[in-house]
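*Asks:* Given the sequences, and given the hints that come with them, work out the whole structure.
Respectively, the protein sequence lines represent chains A and B. Using our numbering, the letters of the first sequence correspond one by one to residues 179 to 412. Using our numbering, the letters of the second sequence correspond one by one to residues 11 to 144.
What the hints contain is simulated information worked out from the structure, not anything from laboratory work. C-beta: ideal position from N, C-alpha, C; glycine also. All clues stand as given, with none of them false.
Output of the computed footprint for chain B on chain A, the stretches with three or more beta carbons under 8 Å from beta carbons of chain B:
id, segment
1, 323 to 330
2, 333 to 342
3, 377 to 388
Okay, the calculated beta carbon distance ranges per label pair:
id, chain 1, residue 1, chain 2, residue 2, range
4, A, Gly-192, B, Ala-98, 29 to 35 Å
5, A, Asp-211, B, Asp-29, 56 to 62 Å
6, B, Thr-104, A, Gly-192, 25 to 31 Å
7, B, Glu-113, A, Gln-361, 35 to 41 Å
Here are the chains, one letter per residue:
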Amino acid sequence: MLCMSLQAGEIPLGERRSGYEFMGRDTRAMQDDDSTNPALFWLMDGETLWKRKDGVAACSSCHETMKGVAARYPKVAGGRAVNLEQQINACRSERQKAAPLAYESRELLALTAYVARQSRGMPIEAGWNERTEAGRALFTRRQGQLNLACTQCHDDNWGKQLSGTTIPQAHPTGYPIYRLEWQDMGSLQRRLRNCMIGVRAEPYPYGSAELVDLELYLMWRARGMKLETPAVRP
Amino acid sequence: MRFLLLILPFLFFGKALGDDAIPASLTGAKGDPQRGRAIVANRQVGLCLLCHSGPFPEERFQGNLAPDLRSAARLTEGELRLRLVDPARANPQTIMPAYYRTEGLTRVAPSLRGKSILTAEQIEDVVAYLVTLK
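*Replies:* Here is the structure:
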């Protein structure tokens, strides 16, 4: 239980706020209305891919509903954390005998969004384990030429203005997201790499254990908050 | 190592002077306040306005993570220099990066390794600008 206790700097559970609450009215409306949310196109592609036979089977050949699944990822198995994108690719390799999809490819984002959309409104479920601990170590470690840790902005200074932008609390409640700055969908790992480049650090590669550990810690940090996938962010 | 050699004399004199200032110029010369102002305003070079606000009516988005730069008026030139070179020595809790540091950092982007955020000349320019805010 010791590791579950609140650490200095951590946001009390009742004070946590989704990035949604930091957005302007127009961006919120864009997310809320399925017909204006730009992620619609990825969801439609995702549904097509889900039902299309690839390799020896379609996803839908085995799975009926994916409700609740995204709220429980990343998962830890065999001492390693696996995120939703990696699980989709593992299923492709092992069950479908299909080629894995590249990180940030339209296909993988579409399938991930289609799966995660089915958990919209459900609370994030995340327990604590040694990979979460590793993720927290990364979150609290200073890095890059600017020598900043994630926690210094997102735990200690959320709500303040960094240049013209309000610093959010960094809860991964809506991934994959449509980000207006990107004019594109992107994964949580893309967002994490953006922040690392911002502090002038060498970002970890897509799919690396470090990024998945960070995802796992962020989901634990957001435990109980509701999934919003596909979220829109500025 | 080069950083240590550069900083050691200042650490030594800093102690003698109450540890809150680097009185001597890093380059031995005075900086240029005009150039300093441009560095402070540039979000890719000085980065200052990401966190601080200041007397820059032409700059629309300024940060509020840190005090307004006009509060520099209460500091001496040597105190300002220390706060650029190694702000944690003035305030161990600060989130402000050390602008003249190359050692003891983690996972610095490969193209920036061994480079400080600003050069000694640029730091002197910024100090020269900040003292004009008095």
